[in-house]
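Number of protein chains: 4
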Amino acid sequence: MAKSKFEYTRKFENNDSCLLNCFIVVRLDGRNFHRFSDSHEFEKPNDENALKLMNRCAEEVMKEFQDLILAYGQSDEYSFVFKRSTTLFNRRASKLMTNLASYFASSYVFYWSEYFKEKLQYPPTFDGRVVLYPTETNLKDYLSWRQADCHINNLYNTCFWKLVKIAGLSPEDAEKRLCGTVSGDKNEILFSEFNINYNNLPEMFRKGTVLLWEKAEKMVSKSKGDSTTVRVYPQVVMLHVDIIKDDFWESRPNLLI
Amino acid sequence: MAKSKFEYTRKFENNDSCLLNCFIVVRLDGRNFHRFSDSHEFEKPNDENALKLMNRCAEEVMKEFQDLILAYGQSDEYSFVFKRSTTLFNRRASKLMTNLASYFASSYVFYWSEYFKEKLQYPPTFDGRVVLYPTETNLKDYLSWRQADCHINNLYNTCFWKLVKIAGLSPEDAEKRLCGTVSGDKNEILFSEFNINYNNLPEMFRKGTVLLWEKAEKMVSKSKGDSTTVRVYPQVVMLHVDIIKDDFWESRPNLLI
Amino acid sequence: MAKSKFEYTRKFENNDSCLLNCFIVVRLDGRNFHRFSDSHEFEKPNDENALKLMNRCAEEVMKEFQDLILAYGQSDEYSFVFKRSTTLFNRRASKLMTNLASYFASSYVFYWSEYFKEKLQYPPTFDGRVVLYPTETNLKDYLSWRQADCHINNLYNTCFWKLVKIAGLSPEDAEKRLCGTVSGDKNEILFSEFNINYNNLPEMFRKGTVLLWEKAEKMVSKSKGDSTTVRVYPQVVMLHVDIIKDDFWESRPNLLI
Amino acid sequence: MAKSKFEYTRKFENNDSCLLNCFIVVRLDGRNFHRFSDSHEFEKPNDENALKLMNRCAEEVMKEFQDLILAYGQSDEYSFVFKRSTTLFNRRASKLMTNLASYFASSYVFYWSEYFKEKLQYPPTFDGRVVLYPTETNLKDYLSWRQADCHINNLYNTCFWKLVKIAGLSPEDAEKRLCGTVSGDKNEILFSEFNINYNNLPEMFRKGTVLLWEKAEKMVSKSKGDSTTVRVYPQVVMLHVDIIKDDFWESRPNLLI
Chain A
1 MAKSKFEYTR KFENNDSCLL NCFIVVRLDG RNFHRFSDSH EFEKPNDENA
51 LKLMNRCAEE VMKEFQDLIL AYGQSDEYSF VFKRSTTLFN RRASKLMTNL
101 ASYFASSYVF YWSEYFKEKL QYPPTFDGRV VLYPTETNLK DYLSWRQADC
151 HINNLYNTCF WKLVKIAGLS PEDAEKRLCG TVSGDKNEIL FSEFNINYNN
201 LPEMFRKGTV LLWEKAEKMV SKSKGDSTTV RVYPQVVMLH VDIIKDDFWE
251 SRPNLLI
Chain B
1 MAKSKFEYTR KFENNDSCLL NCFIVVRLDG RNFHRFSDSH EFEKPNDENA
51 LKLMNRCAEE VMKEFQDLIL AYGQSDEYSF VFKRSTTLFN RRASKLMTNL
101 ASYFASSYVF YWSEYFKEKL QYPPTFDGRV VLYPTETNLK DYLSWRQADC
151 HINNLYNTCF WKLVKIAGLS PEDAEKRLCG TVSGDKNEIL FSEFNINYNN
201 LPEMFRKGTV LLWEKAEKMV SKSKGDSTTV RVYPQVVMLH VDIIKDDFWE
251 SRPNLLI
Chain C
1 MAKSKFEYTR KFENNDSCLL NCFIVVRLDG RNFHRFSDSH EFEKPNDENA
51 LKLMNRCAEE VMKEFQDLIL AYGQSDEYSF VFKRSTTLFN RRASKLMTNL
101 ASYFASSYVF YWSEYFKEKL QYPPTFDGRV VLYPTETNLK DYLSWRQADC
151 HINNLYNTCF WKLVKIAGLS PEDAEKRLCG TVSGDKNEIL FSEFNINYNN
201 LPEMFRKGTV LLWEKAEKMV SKSKGDSTTV RVYPQVVMLH VDIIKDDFWE
251 SRPNLLI
Chain D
1 MAKSKFEYTR KFENNDSCLL NCFIVVRLDG RNFHRFSDSH EFEKPNDENA
51 LKLMNRCAEE VMKEFQDLIL AYGQSDEYSF VFKRSTTLFN RRASKLMTNL
101 ASYFASSYVF YWSEYFKEKL QYPPTFDGRV VLYPTETNLK DYLSWRQADC
151 HINNLYNTCF WKLVKIAGLS PEDAEKRLCG TVSGDKNEIL FSEFNINYNN
201 LPEMFRKGTV LLWEKAEKMV SKSKGDSTTV RVYPQVVMLH VDIIKDDFWE
251 SRPNLLI
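Chains as they are written, first to last, in the working numbering: chain A, 1 to 257; chain B, 1 to 257; chain C, 1 to 257; chain D, 1 to 257.
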């Protein structure tokens, strides 16, 4: 069997290593998740279990690929940030994004039943991309962009679904009603018409979810009956906080280093 | 909320559209599948159910992304061939490979229970890559390379596991025994020592699996009790045949056009 | 001197090898050649000497980089075609285009005085790009695109400058006059108003210039007074012919192989 | 003339824009300059006029492409640094490197006669590449790498040519003599055998050449006979200084911003 005769075709592969010393971000997005959330009757505008399942998958991804230093998720998307100096998969973009996308997607199915009683109708798809950021500022601005997007969409969607589900507007009329409004207007609609203070809604809905590694204490007992000792382990922690303001970064000076 | 202030970061995305008029191949490979197959006690050298699950996932991928004209799989890998003129995802490499990798992986979990009684231990990961082939000959040679690889590995593994499981050799001794042997030697070992004619082993093991679209007839009845009529539908068919020899291609002159 | 301490920076170079088995085209374009041709008072719409100098530079490029199989030039641009299998500079796009661009540009200055009596005012700049074509048809269509472009521009410019220089129209009026006209109209203007049969104009102006390697006979005499013998050498030949029609390619069946 | 029919081939061009917010470095290298310097009998190990011509070409390049903030040259190579935020040619790598390479090369021929009495034998070629650096440190380290390279090569070459030209060693013997020596050894050879203090050699030879923009005063008189006034203009200045140590950068805090 002339193996060598055909093996030349492997040379058609290109080398897509990411530029050194940049932050590598992999962003995953659910494909056709409008249809997916309809099929599975996700609650609007936010389905808590669906978000928790996304967070769980992201946490598993963080644990599996330990050069990840941060993840940020909202709606059906998740961004993963590798440390600047990572050499995982020789920084090959294709390897990085397919490993994350496939593990995230398989985890989604694997952990589904922990979050939903109803059966999963069909396997979900996530697309992924790699984006490079040369500086900390660029990276923070990227994450701020995603969190600002979360806020804008969530405020809009919260209003929209109140208008539809409580006020009984048709989707078209709700859309018209919100057309041209600014944040203040939407906050006012929520407050005056639905008695809702937007800022009191769950932070996971308003700010999305941040995952990062933090040292945490763990009680360890070597064998049954032993006295326990305290050990310090790095653990993935989950936060729903503002990452646009400097506070978040200033209180974690080593996060990006 | 200054959305625009941060939105500039989207411009850091690069455009990775594939060169026009080339065949786009996406190859997926199971990550750490040695460990995965041990954890799930896959039969050696070939686990029929594991292969059938791979084939099922590939079939679902073919149906979901209909610009795929061919897929070839063996062991824990699968190659998908898009038609030359596809404009799916504007031919963006990252979109193509992450969509296929994630859908394949989520399908693997989703359909697992149809092929295995035992529980899936953990979600699998598949890495992916995009390779471009400018000519039909290059593409056929690529597929021949993968099928030749299937043959070489399967012949070796078949011998190896017979020596270990039947002849009782240690893995090290089996490896030594096979070191330096050519195909003929291995065929001879199988025949004289284990009474096995390699060519009688299942074709799925020896040749891998080809998926392609073929027009098939379907019996259709519009409503219950109606007389049935025959309709012609494109369907994914599964073959375990030689794709290195010209016969395969000559009998399907329109496959790559 | 800590050389190694800084040498890591070489790893930031990316590998930009061209996909195998594609035709590599390098196209050079004069930068700001409107200004350049004004400064040097090139004749409008075609300066024969300027075109001959371009052709000379292209010929030198062909001789210097012998994996070039064809070149096509018109106006201030030149396209160079490498043979499909070239391994020159390991097919690195950056090396290919900068070598050609710089040698073309330095030749332009070097040979200037053979074509112009007037002094060169300042050194010219040429930008370059690499384009890959997977098939012969794509490559021929590329060259046809450039030759069609030559024809369209030359017909227009010929009319325009006749209207300005002979009929005395202002540039603006000449432009208005030609606005919306098709080829037939322009031929008619040339014929009826200026008594010019466009098809009788020099082919170099109408069709541009093709360079290719052909075997030619050479008379050789080893030393003075010796009888001469005929040797066959590959030589760059220069043609001003139609390369859109099939004739050109059919009469040279081995040109692209 | 069916222009549109062929125009599709323009879509085969790829977009090679450089990642935003990185320093773009274009390095040019003389191709086959061993042969070139032999043909033109350049003095060894340094030909002052040849270096001055290189510097002149680089200066012209700086003036032509004003987003260049720095250039560093030694031997037959020159590195050009664009400001981080440049949008020249939409940051397209191919445009940037071919414009610089071709203009440098054409300038080399154009200005040759200002530096050499002898005729230029043939036009030179320069290859080019683009390298991206995400941080100031990476960029400075790159430039330090090139200057360290200058030092190492120049010390070696100075010794080598003294041994050959003064001590009368054959090139092979000179090479053997220097094999395995460190900097200190070479300094010692120069001092003890040839009475040369390496540190007293011209700085252009030992440190290469830095070009940068600095504000300079110019005497201006609007018309003949007018009193002159002093105006401040940015001008390209030429330095032969250490750029590895921090002093250079600390005294020019705005250079890279």
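Just so you know, not all the hints are guaranteed correct.
Pairs count within a copy or across copies, as identical chains cannot be separated in the list.
Stated by the list, open to error - Think about it this way: if two alpha-carbon atoms lie no more than 35 Å apart in a straight line, the pair counts; the simulated DSBU-like pairs of lysine-lysine are: (1) Lys83 with Lys5; (2) Lys245 with Lys140; (3) Lys52 with Lys165; (4) Lys11 with Lys44; (5) Lys176 with Lys215; (6) Lys245 with Lys224; (7) Lys207 with Lys186; (8) Lys207 with Lys176; (9) Lys222 with Lys162; (10) Lys224 with Lys162; (11) Lys176 with Lys95.
If you're looking for bench data, these hints aren't it; they were derived computationally from the structure.
Each hint, compared with the structure:
1. Lys83 with Lys5: Classified as between; 22 Å across copies, 41 Å inside a copy.
2. Lys245 with Lys140: both (10 Å within a copy, 31 Å between copies)
3. Lys52 with Lys165: within (24 Å within a copy, 46 Å between copies)
4. Lys11 with Lys44: between (49 Å within a copy, 31 Å between copies)
5. Lys176 with Lys215: The answer is neither: 49 Å in one copy and 48 Å across copies each exceed 35 Å.
6. Lys245 with Lys224: The answer is neither: 46 Å in one copy and 61 Å across copies each exceed 35 Å.
7. Lys207 with Lys186: within (17 Å within a copy, 62 Å between copies)
8. Lys207 with Lys176: For lysine 207 and lysine 176, the Cα distance is within 35 Å only inside one copy (26 Å; across copies 59 Å).
9. Lys222 with Lys162: Answer is neither: 53 Å inside a copy and 42 Å across each miss the 35 Å cutoff.
10. Lys224 with Lys162: neither (54 Å within a copy, 43 Å between copies)
11. Lys176 with Lys95: between (44 Å within a copy, 34 Å between copies)
The structure is inconsistent with the numbered hints 5, 6, 9, 10, although it conforms to all the rest.
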